[in-house]
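Asker: Now for the letters of each chain:
There are 2 protein chains.
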Amino acid sequence: MQFTSERHLDDDVLEREFTLGEIPGILWTPASAPAPAPLILVGHPGGLRRMYPRLVARARHSAAEGFASATIELPGAGDRPRSAAAEQARADLRRALEAGEPVDDEIVDRLVLPLVDKAVPEWRSALDALLALREIGGPVGYSGGVIAIGLRLAVVEPRISAALLFAGSFVPRAMFEEARQVTIPLQVLLQWDDDGNDRQMALDLFDAFGSKEKTLHANMGGHTGVPQFEGDAGNRFFVRHLT
Amino acid sequence: MQFTSERHLDDDVLEREFTLGEIPGILWTPASAPAPAPLILVGHPGGLRRMYPRLVARARHSAAEGFASATIELPGAGDRPRSAAAEQARADLRRALEAGEPVDDEIVDRLVLPLVDKAVPEWRSALDALLALREIGGPVGYSGGVIAIGLRLAVVEPRISAALLFAGSFVPRAMFEEARQVTIPLQVLLQWDDDGNDRQMALDLFDAFGSKEKTLHANMGGHTGVPQFEGDAGNRFFVRHLT
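Just so you know, the sequences run in chain order G and X.
Numbering of the first sequence is given in the numbering used here, commencing with residue 1 and proceeding in unit increments.
Numbering of the second sequence is given in the numbering used here, commencing with residue 1001 and proceeding in unit increments.
Bear in mind the hints are in silico, worked out from the structure with no lab data behind them.
C-beta atoms are modelled at their ideal positions from N, C-alpha and C, and glycine is treated no differently.
Check before you lean on any hint, since a few could be wrong.
Footprint (simulated), chain X over chain G, 3 or more residues, beta carbon under 8 Å [unchecked claim]:
#1 160–171
#2 200–208
#3 212–226
Just some of the chain X residues that point at chain G, by a computed CB distance under 7 Å [unchecked claim]:
#4 PRO1075
#5 LYS1214
#6 THR1215
#7 LEU1216
#8 MET1220
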C-alpha cells in the first residue's frame, strides 16, 4: 500500500489516495481522533472518480462519529483494465432492462459472480494493509456498493463485524445459500420504487440472511434517491456495532 | 376531559390520568418544556393497565425530545364494556390462528371495521380536548397500536402530521383503498418473523400507502420483540416532522 496524495478536508478529515498494487483507493481518517479508529469499508458500484462526491460525503459523515473510511476501485471499473466478458454481460443486462424483459439468471451470473470472485480478495488485501496502519484499529464495518460483494465479504471475512447493505443490484441465485451463512448484524437499504431493481428478489434476500439482528429500511425516491436521514441511521447502526 | 390523578415521574415527566366521558386515558407532559409541546397520540392494542409499562416507557422516551404523549382506552377493552360481536370475532380469529388456517377476510372485517369506526371518533375527540390544554401545542403525530386505527386517523384527521405505524395486526381488505389516500409522512414497523401476522399483507399495505415519504423498518424478534433502537428511530422520525 502506497500513499500517492494527501490533503486535509475542511472538517478536519485527512484524505489520502493510495495504490494497492495496481488498485487505486482512498482513505479518510478523522484527523483529531485520539485513538486508533474503527474502520468502514465504503462500497460503491465501480468508478471511484464518478462516485467521489457521494463517497467523500459518506466518509465525512462517518468521520463525525470517529470512524475512518476506505474504499478501493472495483475490478474492470474506473482506470482499471476492462474485462470483455463483464462488458458483454453488462450490455446484455442493459438490453434486457431497456426492453422491459425479465433479467435472465444466466446474465446476472456472468456479470456478478466473476466480479465478486475478483473483488472480494482485493478488499481483504486492502483490509490487511489498512489494519496495519497505526491510526486504524477496528472493528470493521462494510457499507453499501454491490450487495453481492458485501454479502460474500460478510461470509468469508471474520474481521467484518457489521454490514450496511444496499439492495440495489442483482444477486446471483447461487448466492442466496451464502446469505444463510451470514451471521453478523445487518442493515439492508431498499429503494422501494427502484425501477431497475427486483424488489421481490431483495425481500427474498433479506429473508434469507441468517443474521439474528437484521433490519430492512425501505424508502421511496428511486435508485439514487436514498433519503438523507438514512446517513444518520447508518451512522447509528455502526455506532451500535463498532464502538 | 377531567383529570382524575396526577403524579410526577422521576425524569421530570408529569403523568395525569383523565376521563373523556366514559373513556379513561393518560397524558404525559415534559414538566420542564418551556413552550406548548408537540403531541404524540400513543396507540396500543387495547388494555391500558396491561400495556402501561410499555406505554409509559414510550412516553418518557418521547418526553426526552420535548414531546407530550397521550393515550385513551380502546372500545371494548380494559374497563370499558365488552362488545359481544367483537368478542366473538376475536375468538374466531384466535381459533383460525391456532389451527394454522388462513384467516378469513370476513373475520378480519367483523373484528376490525367496527373497532375502527368506533375508536377513530374517540381519538379525534381526545385530540380536541388535548389541544385545548395550554401546555400542548402541536403538531400532532400518531404512533403504534392497531394499524387500521392509525390508517383511518391518517386519512380523516388533518391535524395529524406524521404517523409511525406498527404493521402487527390485520387490516380489512376494504381499507387498502383508504391507504392510497394517506399522504402524510409514515414510518411503518414490521416484525419480519411475527408468526401471528401476515407479512405479505403488511408489505402490500406499505406499498399501497399514498405518502411520498414512507419508510418501512423490518426487524427480527417476533411480535413483541421490536428492538430498542426503534424507539430512537421513532423519536428521530417525529423530530423530523413535528419540530
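Asker: Flag every earlier hint the structure violates by its number, smallest first.
Answerer: 1, 4
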